[in-house]
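Residue numbers (this note's numbering): 2 to 93.
In short, the hints are calculated from the structure, not lab data. Please note: incorrect hints may appear among the correct ones.
Unchecked claim - In the SDA-like style, the derived pairs of lysine to any residue whose C-alpha atoms are separated by at most 25 angstroms in a straight line are:
#1 K53 - P26
#2 K53 - Q76
#3 K53 - L14
Unchecked claim - Just the calculated beta-carbon pair ranges, DEER-fashion:
#4 G27 - T89: 30 to 38 angstroms
#5 T58 - D32: 17 to 25 angstroms
#6 R80 - D11: 18 to 26 angstroms
#7 R29 - G52: 32 to 40 angstroms
#8 D5 - N62: 30 to 38 angstroms
#9 P47 - E73: 19 to 27 angstroms
#10 L14 - R50: 12 to 20 angstroms
#11 R29 - Q51: 33 to 41 angstroms
#12 P39 - G8: 19 to 27 angstroms
#13 G27 - E4: 29 to 37 angstroms
This one's a predicted model, so the numbers in the text were calculated from it and none came from an experiment. Even glycine gets a Cβ: it sits at the ideal position worked out from N, Cα and C.
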Amino acid sequence: RIEDVVGEVDVALLDGAFFRPEEVPGRRVEDIPHPMIPDTMTRLEPLARQGKRIVLTHLNNTNPALDDRSSEAEQVRRRGFEIAREGTVYPL
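Let the sequences and hints guide you as you build the complete structure.
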C-alpha cells in the first residue's frame, strides 16, 4: 500500500500528472495510468497532517495546480502537500 511506503520515508515524490479527468479530453480516465491529485490527497492526507513531506511532481501542462494562484494549487497546499518546482533540490 502506498500509505505504508510513504509512512516509511522522509520525503515522498509522487506523480501528480492530472488534477481532474477533463484535462485529457477524448480519453477515459480508466485508460490513464496516473492517479488524480485529489485521489492521492484523500489517501495520504492523514500522513501529510502528521508531518510527512509529500511532493507532487510530473504535473501535466494542462494541470491547473501548476499555477500557484489557482484554487487547485491552494487546495494542495491547504491539505499539507507540496508541488515540485523546477530547480528544487531534495536532499536524500
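Against the structure, the hints come out as follows:
Among the hinted pairs, K53 with P26 is inconsistent with the structure: their alpha-carbon atoms are about 33 angstroms apart, more than 25 angstroms. For a cut-off of 25 angstroms, the pair hint linking K53 to Q76 stands: about 17 angstroms separates their Cα positions. The straight-line distance between the Cα atoms of K53 and L14 is roughly 11 angstroms, inside the 25 angstroms bound, and the hint therefore holds. For the pair G27 and T89, the supplied restraint of 30 to 38 angstroms holds, since their beta-carbon distance comes to about 32 angstroms.
At roughly 22 angstroms, the beta carbons of T58 and D32 sit within the given window of 17 to 25 angstroms. One distance hint, 18 to 26 angstroms for the beta-carbon pair R80 and D11, holds here, with the actual separation near 19 angstroms. Between R29 and G52 the beta carbon distance is about 37 angstroms. The supplied range of 32 to 40 angstroms therefore holds. In this structure the hint that D5 and N62 lie 30 to 38 angstroms apart at CB holds, the actual value being about 32 angstroms.
Here the CB-CB span from P47 to E73 is close to 21 angstroms, well matched to the stated 19 to 27 angstroms. Look at L14 against R50: about 19 angstroms separates their beta carbons, and that is inside 12 to 20 angstroms. Under the hint 33 to 41 angstroms, the C-beta atoms of R29 and Q51, about 35 angstroms apart, fit the expected range. At roughly 20 angstroms, the beta-carbon separation of P39 and G8 lies within the given 19 to 27 angstroms, and the hint holds.
Range check, G27 to E4: Cβ separation about 33 angstroms, and the 29 to 37 angstroms hint holds.
Checked against the numbered hints above, the structure violates only hint 1.
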